[in-house]
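Peer 1: Keeping their order, the protein sequence lines are chains A and B. Using this note's numbering, the first residue of the first sequence is number 1, and each one after it goes up by one. Using this note's numbering, the first residue of the second sequence is number 1, and each one after it goes up by one.
Some clues are possibly wrong.
[Said to hold, decoys possible] To spell it out: a stretch of chain B is covered by chain A in this simulated footprint if at least three of its residues, at any positions, have a beta carbon under 8 Å from a beta carbon of chain A; those stretches are:
id : segment
1  : 81 to 95
2  : 137 to 144
3  : 320 to 331
Please keep in mind that the hints were generated in silico from the structure rather than gathered at the bench. All C-beta atoms in this analysis are idealised placements derived from N, C-alpha and C, irrespective of residue type, glycine included.
So you can see what is in the structure, the chains are spelled out below.
There are 2 protein chains.
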Amino acid sequence: MAMRIETLETPVPVIDLDCVERNLTRMQDYCDRHRLQLRPHIKTHKLPAFARRQIDLGACGITCQKLGEAEIMVEAGFDDILITFPLIGTEKATRLAALARRARIGVALDNPLALETVARAAAASGAPIRVLIEFDSGNRRTGVASVEDALALARSAEAAEGVRFDGLMTYPSNAATAVFIAAARPVFAAAGLAIRTVSGGGTPGAWSAHEIAGLTEVRVGTYIYNDRATVCSGAATLADCALHVHATVVSRPGETRAVIDAGSKTLSSDLLAPDIGTGYGALIDYPEAVIERLSEEHGMIDLSACASRPALGERVRILPNHVCVVTNLHDAVAVSRNGEVAGNWPIAARGPVQAKAIML
Amino acid sequence: MAMRIETLETPVPVIDLDCVERNLTRMQDYCDRHRLQLRPHIKTHKLPAFARRQIDLGACGITCQKLGEAEIMVEAGFDDILITFPLIGTEKATRLAALARRARIGVALDNPLALETVARAAAASGAPIRVLIEFDSGNRRTGVASVEDALALARSAEAAEGVRFDGLMTYPSNAATAVFIAAARPVFAAAGLAIRTVSGGGTPGAWSAHEIAGLTEVRVGTYIYNDRATVCSGAATLADCALHVHATVVSRPGETRAVIDAGSKTLSSDLLAPDIGTGYGALIDYPEAVIERLSEEHGMIDLSACASRPALGERVRILPNHVCVVTNLHDAVAVSRNGEVAGNWPIAARGPVQAKAIML
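With the hints as extra help, turn the sequences into a complete structure.
Peer 2: Now the structure itself:
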């Protein structure tokens with residue numbers, strides 16, 4: 001029997017499958033048009049079914065942010081995975097080796113210790129592992145700062161048994177990315193090192209990836225759902241947002257105040273940059289409402305500026321600030337089509353941080 | 001074979017069992033000394049084993065923040081549960097009824113629709129459900145604003161078949177709590193309604209709960225582990241903190257910068273109040289370090305002020321800002337004793353938001 005979304009218990013993340021399909025297709029078409037490889041980041045959805053659809057539409061492989069995600073995806077049959085995080089330590093090497101035996105694995109890194117992990121894994125597995133050198137395009141996160149540092153690391157990678165230097169990687173893609181690539185190309189060429197892949201990331205900048213000379217690959221995660229941050233960046237419209245958290249007004253302690261059953265354990269505490277927007281998400285049907293404060297299970301909403309106001313017991317739809325952390329908070333998501341519930345999917349790659357082996 | 005904590009893969013939350021025992025005992029002793037009932041909030045740990053220990057030490061029952069937590073706890077054999085959240089809707093009533101058939105259930109609420117849910121559940125189960133009227137002691141979250149509103153709701157509760165008005169509830173306990181209780185007592189007495197329970201909450205204020213005249217019950221969650229917020233409030237010392245996230249320095253992109261493998265999906269984005277402290281947690285061994293920024297799996301640390309600085313590949317221990325949201329992000333926690341791993345416990349009541357019934 002068909003079940004309407006409105007009958008689902010709250011709080012619940014609901015994903016519009018048609019909107020997902022449009023988002024996936026649009027990005028793949030963009031990449032195809034500009035001869036860019038698309039390597040979707042599965043950290044956003046953590047769902048093998050959506051990763052499969054991304055591959056079927058033309059993605060060259062997938063991106064994972066940690067071994068636990070990659071393990072679930074290899075188990076689900078994916079055979080080309082880039083891990084964009086420096087892995088350090090014996091246990092990581094062991095797990096990486098296990099993956100390399102089953103799939104084509106790449107790792108992005110910015111330091112010798114992470115390279116050592118890859119080299120150990122390659123030696124242990126007997127399978128080659130490709131390495132991308134991460135450079136900092138201004139995000140001040142991970143990434144080497146100079147072409148010289150990138151070259152030194154690339155040389156070490158190429159010299160390591162079973163490791164293959166494949167190119168460069170950064171997050172996010174931007175103007176500085178193009179500058180770094182332009183500077184790196186002749187230096188690497190002179191050193192006899194071919195830069196096959198230049199992988200750039202981030203949904204907001206994705207639509208201008210073709211303007212970055214030398215970029216070969218687009219890594220994007222958020223584009224599958226989009227969120228308030230994506231909309232505020234101009235990279236998507238509200239109609240492109242595929243995931244909403246449905247919540248219920250559980251208290252109306254005053255004329256201008258409402259409390260919903262979605263707090264930081266449902267929406268996360270991620271905020272937008274202060275100059276972009278306030279609050280912990282946007283109420284689709286009450287655009288002037290501000291989710292001004294969260295506790296773990298309560299969301300406190302200021303309705304002062306609202307022309308109309310939700311009643312006690314009313315259901316509201318929230319566009320989250322940052323969708324990648326929202327799916328990570330839930331065991332399952334409801335998927336829908338034409339307002340009807342089409343399934344309840346466990347977030348397969350949500351939890352795993354550590355190998356099963358440490359289970360005592 | 002004994003396994004040292006240092007051999008656990010990172011990132012991993014590690015709980016010191018001896019510290020937990022001290023924290024549980026100290027709070028129970030305090031409550032016993034002042035003839036206050038202790039009703040621990042399990043939202044912090046979500047672990048039946050710790051809830052069992054809390055009961056064994058003398059707690060009168062437990063507190064849950066949502067039905068999913070209560071369902072796990074009833075399944076684990078707990079028979080006295082207070083749910084401190086207004087439940088609204090048919091599905092919630094059905095689930096509440098199922099609980100009421102198996103355990104003594106109380107619900108705190110602040111509005112007629114939530115009372116209707118309780119009344120439906122009581123009618124469906126045939127088991128009495130007690131109700132506490134929540135009042136606002138200044139937190140501006142849920143809770144009625146006036147004694148008159150509390151009385152009206154208490155009267156409705158008492159009039160509903162199967163529902164028993166039991167008293168008042170607030171969060172947090174503070175000076176305003178005492179004022180409200182003092183004002184309510186004569187008004188309720190005149191109306192012929194006995195206030196049996198007055199339940200106050202919050203770890204920071206717990207140690208002065210005995211100064212609040214009329215309070216009968218202490219609801220606390222964080223005290224089992226404590227966290228950076230508790231330490232900053234003065235309610236605990238660093239030695240009282242039982243849970244730390246162990247992480248690894250995975251990149252050192254500059255002299256004064258380190259990146260660890262713990263981001264918002266490990267530590268949450270919860271901040272302290274700006275006047276209390278900056279950053280997303282405290283590095284125990286590098287107190288001057290500031291975790292200035294998180295992305296999902298990266299934690300960016302500013303080491304400018306540090307006398308000594310962690311090396312690439314080094315393990316660091318982080319005291320989280322808010323421990324309740326940290327355990328909620330993990331499938332399991334490692335427990336330890338004397339530096340050795342004593343187990344890996346699944347966070348049993350972590351995920352459940354909805355009834356199993358909606359699984360399609």
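Peer 1: Against each hint, give a clear statement of whether it holds in the structure.
Peer 2: Against the structure, the hints:
| no. | hint | verdict |
| --- | --- | --- |
| 1 | 81 to 95 | holds (count 7) |
| 2 | 137 to 144 | holds (count 5) |
| 3 | 320 to 331 | holds (count 6) |
This entry satisfies every hint, going by the numbered hints stated previously.
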